[in-house]
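Asks: In the order they appear, the protein sequences are chains P and D. Per this note's numbering, the very first residue in the first sequence carries number 13; after that it's consecutive. Per this note's numbering, the very first residue in the second sequence carries number 27; after that it's consecutive.
It is possible that part of the hints are untrue.
Claimed, not checked - Taking lysine to any residue pairs in the SDA-like style, the calculated list, with each CA pair at most 20 angstroms apart, reads:
hint, chain 1, residue 1, chain 2, residue 2
1, D, 68, P, 114
2, D, 68, P, 23
3, D, 68, P, 70
4, D, 94, D, 29
5, P, 91, P, 28
6, D, 68, P, 73
7, D, 68, P, 72
8, D, 27, P, 72
9, D, 68, D, 135
10, D, 68, P, 58
11, D, 68, P, 14
12, D, 68, P, 54
13, D, 27, P, 92
14, D, 68, P, 80
15, D, 139, D, 108
16, D, 27, D, 132
17, P, 92, P, 70
18, D, 27, P, 73
Since the hints were derived computationally from the structure, they do not count as laboratory data.
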Amino acid sequence: SQTIHQWPATLVQPVGSPLSLECTVEGTSNPNLYWYRQAAGRGLQLLFYSVGIGQISSEVPQNLSASRPQDRQFILSSKKLLLSDSGFYLCAWSDLGDRASTFGSGTRLTVV
Amino acid sequence: KQEVTQIPAALSVPEGENLVLNCSFTDSAIYNLQWFRQDPGKGLTSLLLIQSSQREQTSGRLNASLDKSSGRSTLYIAASQPGDSATYLCAGGAIKAAGNKLTFGGGTRVLVKP
């Protein structure tokens, strides 16, 4: 069966520090991968998606970037965090079959 | 641009009552619609996925319907239990470049009182 792993679960970082969140999927190949953010008082918003290694599409202008160095690995990064980057970050995957999206357990990021 | 709305934002019912959660979307060219459950501080658990060619899906006490022409989906939860307390999110899927991009509603926070 397929599983999705996200880490860390919680993170407190100072303004201006770098960020790296990692997501990996097991039990499938060539998944579509997604990063979503859930900010306080706002709904879930798609940040990035990837349909293959090295292929990244950005949905909204922002201070973050994403990379996909391996087929089942998706990384969310920032060189310098802003207070507005605080939120709950969720990684998800879907295949080309039934297109259902499966989410990871999330990372709660607090920028102080 | 797809917009998804969920009303009400919060709902409180006594145990045993049936729950009806509403979701509306603006773009009828929806590829699929997915319902999720989110417990406080947790990730999303997929409940039901309805493809655009389908009108409903059922799983146990859960039934979801989809009416593309009116831009509505409804999630029914029969005989609610305190364990059903959570936030329920609906999301419309759009296929672009082979990616299933989801647009989420704001969610309905449900409290089932024993």
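Asks: Work down the list of hints and note, for each, if the structure agrees.
Replies: Going through the hints against the structure:
1. 68/D to 114/P: It holds: about 13 angstroms lies between the C-alpha atoms, which stays within 20 angstroms.
2. 68/D to 23/P: holds (15 angstroms)
3. 68/D to 70/P: violated (25 angstroms)
4. 94/D to 29/D: This hinted pair holds, its Cα atoms lying about 14 angstroms apart.
5. 91/P to 28/P: Status holds; Cα separation ~8 angstroms.
6. 68/D to 73/P: violated (26 angstroms)
7. 68/D to 72/P: At roughly 24 angstroms apart (the allowed maximum being 20 angstroms), residue 72/P and residue 68/D break the hint.
8. 27/D to 72/P: Cα-Cα ~13 angstroms, so holds.
9. 68/D to 135/D: It holds: about 14 angstroms lies between the C-alpha atoms, which stays within 20 angstroms.
10. 68/D to 58/P: holds (17 angstroms)
11. 68/D to 14/P: holds (19 angstroms)
12. 68/D to 54/P: holds (16 angstroms)
13. 27/D to 92/P: violated (31 angstroms)
14. 68/D to 80/P: Violated, because 24 angstroms separates the two Cα atoms, which is more than 20 angstroms.
15. 139/D to 108/D: holds (6 angstroms)
16. 27/D to 132/D: It holds: about 16 angstroms lies between the C-alpha atoms, which stays within 20 angstroms.
17. 92/P to 70/P: holds (18 angstroms)
18. 27/D to 73/P: holds (16 angstroms)
In the structure shown, a violation is registered for the earlier hints numbered 3, 6, 7, 13, 14, in ascending order.
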